[in-house]
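**Student:** Starting from the two chains in their separate frames, assemble the complex, guided by the hints.
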Amino acid sequence: MAVSPIPVNKKPYAVKIMTLAVSPKAVARRSLAQWLSSLAGHVLPPLITLAFLMVFWEIICSSPTASVPPPSRVVSETWELIIHPFYVGQGVDQGLFWHILASLKRVAFGYCLAAIAGIALGTLVGQSDWAMRGLDPIFQVLRTVPPLAWLPLSLAAFKDGNPSAIFVIFITAIWPIIINTAVGIRNIPQDYQNVAKVLRLNQFEYFTKIMIPAAAPYIFTGLRIGIGLSWLAIVAAEMLIGGVGIGFFIWDAWNSSRISDIILALIYVGIVGYLLDRAIAFLAKTVTRNTASA
Amino acid sequence: MSKPYLSLEQIDMVFSRGGTTTPVLNQVSLTVEKGDFISIIGHSGCGKSTLLNIVAGLTTATRGVVFLDGAVVDAPGPDRAVVFQNHSLLPWLTVYENVKLAVDKVFSATKSRAERHEWTMRNLELVQMVHAKDKHPAEVSGGMKQRVGIARALAMEPKVLLLDEPFGALDALTRAHLQDQVMQIHAELANTVLMITHDVDEAVLLSDRIVMMTNGPSARIGEILHVPLLRPRRRIELASDATYIRCRSAVLKFLYERHRLVEAA
Numbered sequence: 001m002a003v004s005p006i007p008v009n010k011k012p013y014a015v016k017i018m019t020l021a022v023s024p025k026a027v028a029r030r031s032l033a034q035w036l037s038s039l040a041g042h043v044l045p046p047l048i049t050l051a052f053l054m055v056f057w058e059i060i061c062s063s064p065t066a067s068v069p070p071p072s073r074v075v076s077e078t079w080e081l082i083i084h085p086f087y088v089g090q091g092v093d094q095g096l097f098w099h100i101l102a103s104l105k106r107v108a109f110g111y112c113l114a115a116i117a118g119i120a121l122g123t124l125v126g127q128s129d130w131a132m133r134g135l136d137p138i139f140q141v142l143r144t145v146p147p148l149a150w151l152p153l154s155l156a157a158f159k160d161g162n163p164s165a166i167f168v169i170f171i172t173a174i175w176p177i178i179i180n181t182a183v184g185i186r187n188i189p190q191d192y193q194n195v196a197k198v199l200r201l202n203q204f205e206y207f208t209k210i211m212i213p214a215a216a217p218y219i220f221t222g223l224r225i226g227i228g229l230s231w232l233a234i235v236a237a238e239m240l241i242g243g244v245g246i247g248f249f250i251w252d253a254w255n256s257s258r259i260s261d262i263i264l265a266l267i268y269v270g271i272v273g274y275l276l277d278r279a280i281a282f283l284a285k286t287v288t289r290n291t292a293s294a
Numbered sequence: 001m002s003k004p005y006l007s008l009e010q011i012d013m014v015f016s017r018g019g020t021t022t023p024v025l026n027q028v029s030l031t032v033e034k035g036d037f038i039s040i041i042g043h044s045g046c047g048k049s050t051l052l053n054i055v056a057g058l059t060t061a062t063r064g065v066v067f068l069d070g071a072v073v074d075a076p077g078p079d080r081a082v083v084f085q086n087h088s089l090l091p092w093l094t095v096y097e098n099v100k101l102a103v104d105k106v107f108s109a110t111k112s113r114a115e116r117h118e119w120t121m122r123n124l125e126l127v128q129m130v131h132a133k134d135k136h137p138a139e140v141s142g143g144m145k146q147r148v149g150i151a152r153a154l155a156m157e158p159k160v161l162l163l164d165e166p167f168g169a170l171d172a173l174t175r176a177h178l179q180d181q182v183m184q185i186h187a188e189l190a191n192t193v194l195m196i197t198h199d200v201d202e203a204v205l206l207s208d209r210i211v212m213m214t215n216g217p218s219a220r221i222g223e224i225l226h227v228p229l230l231r232p233r234r235r236i237e238l239a240s241d242a243t244y245i246r247c248r249s250a251v252l253k254f255l256y257e258r259h260r261l262v263e264a265a
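Protein chains in written order, with our numbering: chain L, 1 to 294; chain U, 1 to 265.
Keep in mind that the hints were calculated from the coordinates and are not lab data. Don't take each hint at face value.
Claimed, not checked - Derived contacts from chain U toward chain L, CB cut-off under 7 angstroms, selection only:
# : residue
1 : L58
2 : P76
3 : G77
4 : V82
5 : Q85
6 : W92
7 : A102
8 : K133
We treat Cβ as the ideally placed atom computed from N, Cα and C, and that holds for glycine.
So here's chain U without its partners, still in its complex pose (with noise of 0.2 angstroms):
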């Protein structure tokens, strides 16, 4: 029996501080195939995003182990990128310096440097911004930055990519048009992709399987939904689709029956 792609066995994290311990995740275990697009989906607070950090390297976990390709996860590293939520571009660096930053880092030793501008332009290209290459963060839209942030990420050539709430802070307009690039960029590369998210239809629309998380404090994995939806997808097809409504209406039960977050009044 060959060992997953990516897993996670038996996470729990407990924060502690000041003599008081919060659990957050509970046995959390899960195991994403090469290739597979896995959303995690849960209210805000049930340490979706701790999980994420924890697969980063960005956080430890109390006990539990991260394995990728055979390797144990214990330190934040290129092979598992992350787009963070709010971009997370260094404002003093142009488009084109913050993705040749990591390019730069990653491929040091294995490309030359005409290679590096080269694949630097191509991630570029990837997500449409080389006519904006020589601006600074400050003078692009939020989505485009975004997707300097997802061209830094792919720059990487990460074993699995992380995405934060990528498209948390954007417009729906301009999120339905980023969903629609990942999924092509996806289709392309046919990266293993972890997207934390607290949208449903995104969910729906980009994932192979859905991870559905309980309330915190002591959050675990409540349910996972496969999306036996055929790719491409097409936003417009599927709103009348069977399948994606059935879907898309379990993952609502889900949240708003099973595990309504009770509001702390």
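Chain L on its own, in the form it takes in the complex (with noise of 0.2 angstroms):
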């Protein structure tokens, strides 16, 4: 071959010079390309799967005699609930909205009340010897106990079905809360105890600046753990006790056989879950950006 080396060793020069000379729209026009198709990475795959499935459900669900409706019946059968959410009307007939908006008042109400104590009893399982003994096999035998068996005992104790609800949301969700932030607590690393220990830091000093955030990443587990299990919890309560909230509507649409309801009703249920899981992760990922070890 007649080419010689030097031409050859030269086009990579060429090339970066040509880069160079790109200019920044260029840039941003390629990095936005490249964003958009990570986007349709991660967005497609789930569109695909829930158009399959969706397809699935219309073919086997098409028959008349099918007791479950296709996707079709459904959207058709609930249109006057998706496009009116904030409907108001008498008793328990309201938009889907205030049905949810009060279960996650009922969940707020008794989510909040778990966080706090839960952290609380947490705190001194994780640190005191005998308090562990104490309280850890109650503990053990008492998380066992499921949601709902606990409502007829709060009925009985509060004579009333929202205090009742809330109760059964505080007693499913502190048990995980507990757990996790005695073990945060009792995992506090040695070096940051003798830390707090060359300065002398009191009780209180070492609460706040040792204790609460070497345990956040635990704590925040348990936080996690525990709205997922109160939304479980809810809508088992809701069934029961009556009222405005998702869970009556879903029983309420059984009493009246209108199927497609109540799956519109679950297809909100598992967003609204999804939702809250994520607000605390989002709340995690904030607090505790810095505490991993470094």
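**Tutor:** Below is the structure:
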């Protein structure tokens, strides 16, 4: 071949100069294209799966004798509910937004109480061997009691549906919060304790400056499990106590054989549960982004 | 006769766990004058970290007393600041906040808010970490973390600075750089320093005296070597210095001839 090595070596330099000459606009365009393709990579697979499931559901439920309606019929039968979420009527005849809001209020109330009591009890159990030995066996037994089993007892105690439902949320969410907080407190590295000792931090300073930040990742794990369980329990509890709430809405729909309404409500329950989980996960990420051991 | 600044008197340490007792330290006595830089060297498991923890007050000796500036040491405190081997910075605080936590605690009564900020910055300047003051420990290198650990300890204005293998986890170049910084700080502030190490060159380069420990169990002080090198010391010149070489080989002979670590095969 007649090609000398020199021009071959020169080529990369020429390419480099051309790259440097690319305008910032073109760079921006390229990064936008990259961003779009990465977005498509994440959004397309779930959309395709969803479309596939819908088609599958439509086909197997399309016969007139099917006991579960296909998606097309669900949408047409619940269209009023979908487009009027803020409808206000008499008694339990409310738009879906109000049902979900009522459920969320109960969960928020019970869950916040569980978070406060759970972190406090978890700290106690994590810090004191005596509290650990005394309380842990009780916690281990009580946490296996299914949420709904508490409902009759709390109805007997509170003599009203709403506080009973809140109590069920509380008692459901508190166990993972207690246990994870206690584990977090027990796992505070000896190094941090030594630092606290050398600095002669008092109990309060140790609690706020070392213990809570060091245990935060564990506490948030407990909080995240707790919110999921709360949302599971509220739907079941509301089916029994009645009133406005997404759980009773589902039960009411079943009693009136409105299967499409049930399916729509289930989708909403799932989405809200997912959003609650993401919200706590986001909070955890914001608060504990620097607590990972360095 | 005046009492020495820091003195360890007849320290015995016995660990007992579940019926079995392990003697770790046996009759360790040591006196340190103000401004001394003392290294404690020995093979792993010889109880040198235990000895440092006793001086720090983190561990209580079975028998024996530690006196510092006329008072008995019985609890940890900021007058005996420790630089831990693994830096022990709090990862949720920034570099600045880690030092500030110590400054706020130690000088809460004696310094104003502005003075405490000033003092925190002074100590960060001392270890040349001002540029990274708003970073979190996870965002800086291992050597930088250790420098912040040193700044935190220095900021407490301790009577004695305790260094627990401070450079053990660092690469050789970073270690040399930090050793030079520690020498410079020692020249500037004339702190009393007690350093645990297993690096012979580090011990000879930095110390006024090297305390050599025999192997455990029941470790004791085997020998104390004076290092009569003038300060400031420069590592390149010392490499061919006769006194340096003599001291170095004395420590090596102690560690590898007379007190070889008998490996449990």
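**Student:** Each hint needs a verdict: does it hold in this structure or not?
**Tutor:** Now the hints, each set against the structure:
1. L58: holds (6 angstroms)
2. P76: holds (4 angstroms)
3. G77: Because about 6 angstroms separates G77(U) from the closest Cβ in chain L, which is inside the 7 angstroms limit, the hint holds.
4. V82: Holds: closest Cβ of chain L sits about 6 angstroms from V82(U), inside 7 angstroms.
5. Q85: violated (9 angstroms)
6. W92: holds (4 angstroms)
7. A102: holds (6 angstroms)
8. K133: violated (15 angstroms)
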